[in-house]
Structure formats: structure tokens, C-alpha cells
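**Student:** Take the sequence shown: its position 70, counting from 1, is numbered 72 in this note's numbering, and each next residue is one higher.
Keep in mind the hints are simulated off the structure, nothing from the lab. Only a predicted model underlies this, so the values are computations on that prediction, with no experimental measurement involved. Where is the CB? At the ideal position from N, CA and C, for every residue including glycine. Take these hints with a grain of salt, some might be off.
Beta-carbon label-pair distances, calculated as ranges [claimed, not checked]: (1) Asp29 <-> Gln92: 34 to 40 Å; (2) Gln56 <-> Phe6: 40 to 46 Å; (3) Arg26 <-> Ile94: 44 to 50 Å.
In silico DSSO-like cross-links for lysine-lysine, where the CA-CA straight-line distance does not exceed 30 Å [said to hold, decoys possible]: (4) Lys53 <-> Lys27; (5) Lys38 <-> Lys60; (6) Lys41 <-> Lys68; (7) Lys48 <-> Lys38; (8) Lys37 <-> Lys68.
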Amino acid sequence: MSTFEENLKMIFSESQYELCMQNRKTDPVYRQFQKKYDKLFNRIRKRLGTKHQQLLFKLEELGSDKGSIDNDLIYLQGMIDCTKLLRMIQMI
């Protein structure tokens, strides 16, 4: 990865995080999805009982971490590709 791409990645990573946090607060579709997710998660947690609830929490944590890595890379690659295209056609 070139220095240009590395700098873009650093800049866009911060921008992406801020956008995600704002989306969680304001997007009605996201908020509805989160309510459904929480409801299902709590139903499963209650059925497991206290002895096995930590397994569910660990699974959620690992799945979230994995998804975050995938999403970050996809998003960043799209932004880098767009910027490289704009640079190639001499718009930046």
C-alpha cells in the first residue's frame, strides 16, 4: 500500500466511525433492527440460564469483532478506490 493509500485509510477510518455512531442514533431502520436483535438476544440468554450465558456473550463479541473488521475493510477499500479514480482522472 502506498503512502497516499495509507493516509487515505487513516483519514477515512475516523470518518467512517463517526458516521456509524451517528447512524446508530438517527437511522430508524437501524434502530428497529437493533430492537429486534436485542429482543432475540435476551430470549436466547434467558433460555440458556446463568451457567451458559457467558458463551452467548463471547459469541456475540467475536461475531461483532469479525463483522467490524470485514465492514471496515470493505468501506475503506471503496473509499480508496474512489479517491484513486478521482486522482487518475485528475479531479484531485
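**Student:** Decide, hint by hint, whether the structure agrees.
**Tutor:** So, going through the hints one by one against the coordinates:
1. Asp29 <-> Gln92: 34 to 40 Å: holds, 35 Å
2. Gln56 <-> Phe6: 40 to 46 Å: Taking Cβ atoms as reference, Gln56 and Phe6 lie about 45 Å apart, which means the hint holds.
3. Arg26 <-> Ile94: 44 to 50 Å: violated, 30 Å
4. Lys53 <-> Lys27: With a Cα-Cα distance of about 33 Å, the restraint between Lys53 and Lys27 is violated, given a limit of 30 Å.
5. Lys38 <-> Lys60: holds, 20 Å
6. Lys41 <-> Lys68: holds, 22 Å
7. Lys48 <-> Lys38: Holds: Lys48 and Lys38 sit about 16 Å apart, inside 30 Å.
8. Lys37 <-> Lys68: holds, 21 Å
Checked against the numbered hints given earlier, the structure breaks hints 3, 4 and satisfies all the rest.
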